[in-house]
Amino acid sequence: MRISRPTTVWLRMPLFALAVLAILQIPADAAREDALLVDLSDELIGISTGFTGASVLLFGTTDGQGDVIVLVRSPNSSVVVRRKARVAGIWVNADELTFDDAPGFYQVAASAPIDEILSPAKAQANQIGVDNIIFRPHEFLTPGEEQVFRDALIRNKQRSGLYGEKVGDVSIQGGRLFRTRLELPANVPTGEYTVTVLLVDNAQIVSRSSTQLSVRKVGIEAKVTEFAFENSHWYGLLAVLIALFAGWFAGFVFRKV
Amino acid sequence: MSIYLPIAEMSVDVFLILLMGGGVGFLSGVFGVGGGFLMTPLLIFIGISPAVAVATEANQIVAASVSGVLAHMRRRNVDFKMGIVLTIGGFAGSSIGVVIFTFLREIGQVDLLVRLCYVVFLGIVGSLMLFESGRAILRRQKGTASRGKLHQHTWLHGLPFKMRFRRSRLYISALLPLSIGFFVGILAAIMGVGGGFLMVPAMIYLLGMPTSVVVGTSLFQIIFVTANVTYLQAVNNQTVDIVLALLLLTGAVVGAQIGTKVGGKLRGEQLRGLLALMVLAVCAKIGIELVARPEDLYSINEIDGFGL
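Respectively, the protein sequence lines represent chains A and B.
Under numbering that gives the first Met the number 0, the first residue of the first sequence carries the number 0, and numbering increases by one thereafter.
Under numbering that gives the first Met the number 0, the first residue of the second sequence carries the number 0, and numbering increases by one thereafter.
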């Protein structure tokens with residue numbers, strides 16, 4: 000599905016943008032509001048029967064100076080992190096800590112190492128990098144303990160390919176044209192993703208542009224899930240009926256064999 | 000060719016699933032067991048969450064048991080009255096099993112419970128079967144066919160609510176099959192199995208049913224218990240993956256037909272010995288996983304909505 004976004008229309012009007020800037024007093028942190036022009040090759044990632052992951056091309060132009068950082072984030076959810084401990088010789092889940100506001104999917108790509116182009120404080124304030132994602136813990140543990148659980152959450156997410164940082168993955172051509180591939184693995188969570196592109200120049204975020212990427216089940220996958228969650232009584236009955244019929248049918252077919 | 004499973008929310012190879020269904024179906028045909036105790040750990044092994052594995056396998060066993068029962072009905076090897084009493088107990092037991100399962104899933108202990116149940120019950124049943132078949136093989140070699148007492152009287156026969164089961168040639172308290180059905184039902188729901196491996200020995204040794212009607216009657220009640228588990232899991236946890244179940248049962252149906260033919264060529268005690276070894280192997284594998292230090296002590300679970 001290929002739908003081009005109307006983002007192109009309001010850009011390329013530097014004088015007008017400057018005027019708006021003066022009126023709205025947009026902070027200096029986003030001083031070159033019109034510097035970025037961004038588009039995605041797909042706006043909708045449909046999870047259908049043959050889905051094994053997807054690759055979306057993100058491309059755009061800058062006004063010529065600076066590095067590009069791309070953040071991809073899926074909607075937040077709550078995640079419980081559990082720690083195993085040995086009880087009577089076997090490993091059981093003992094302690095746990097729940098975090099809110101954990102994105103199901105989070106990827107950063109940049110045209111240069113982030114710590115070289117942006118101060119740690121700026122990276123933290125904009126949640127750039129997996130270590131800068133703000134999770135809200137349900138309980139207060141000692142800072143050290145909380146950090147251990149945070150790291151475990153990130154580590155588990157990274158292991159399943161859902162969190163990641165890819166430095167140097169954004170290529171800039173001719174100083175103006177940039178592109179990167181957003182790789183979504185087969186286990187991506189569904190939802191409305193936000194793709195944010197930041198233009199960084201002189202350790203300042205001078206421009207930002209956001210666009211939406213929709214990841215959802217389509218076709219029979221969507222129908223089955225919707226049925227299972229919204230009409231679970233009928234879904235359960237249907238599952239049983241199908242099994243009864245399949246069993247009877249198999250018995251019937253192989254009766255004479 | 001890969002297919003995306005809508006409820007398990009993962010992409011699997013169609014042929015791998017068909018092969019797994021076929022392989023387990025073959026073994027269940029050879030040994031005359033449901034195969035849930037093999038399939039559920041296998042599903043978890045390939046990365047399907049325990050909640051989806053247990054619920055979906057229950058769905059598949061419904062189909063496997065129906066085609067099994069049809070064959071036994073033609074040979075008149077089903078004691079319907081006994082089956083219904085067992086089913087009543089099984090319904091109550093499996094309903095409670097699903098409640099336990101849902102509760103433990105919420106507090107993050109379902110993995111542990113499923114594994115512990117596997118180790119304990121497969122360990123007990125496997126050891127007993129191995130011991131019994133070994134003795135039978137030795138006895139056959141010695142050629143001394145000893146004959147046990149036909150009917151032993153214990154306190155179990157003094158229980159109230161006596162009922163007559165004609166096909167099983169029994170006059171026993173209904174409380175016995177009710178409680179056996181109840182207990183096996185709980186485990187079936189938690190372990191994602193039909194429970195035949197527990198039900199069959201219980202029928203033979205605790206109820207004293209003639210072996211000819213045991214398997215058919217066990218399968219008969221398994222249909223209802225696993226149907227109940229399927230329905231309740233779908234309603235409580237939304238973890239029944241119809242697509243996965245259909246793939247599994249397609250493979251299993253074909254495998255079982257081949258397996259039945261092979262099984263007919265082997266002797267009973269040899270079969271039981273081999274089955275016992277297989278049961279113990281699964282038990283040992285899961286046991287080792289419980290004891291060995293996990294690679295990462297920490298694990299994560301999304302709380303709201305989908306998946307486990």
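Heads up, some of the hints might be wrong.
Here are the simulated lysine to aspartate or glutamate pairs, EDC-like style, with alpha carbons at most 20 Å apart [as the list claims (entries may be wrong)]:
no., chain 1, residue 1, chain 2, residue 2
1, A, 83, B, 12
2, A, 83, A, 94
3, A, 216, B, 12
4, A, 216, B, 105
5, A, 83, B, 105
6, A, 216, B, 301
Think of the hints as simulated: they come from the structure by calculation, not from any bench.
A quick look at each hint next to the structure:
no., hint, verdict
1, 83/A to 12/B, "32 Å, violated"
2, 83/A to 94/A, "7 Å, holds"
3, 216/A to 12/B, "19 Å, holds"
4, 216/A to 105/B, "26 Å, violated"
5, 83/A to 105/B, "16 Å, holds"
6, 216/A to 301/B, "18 Å, holds"
Comparing the model with each earlier hint shows violations of hints 1 and 4; every other hint is respected.
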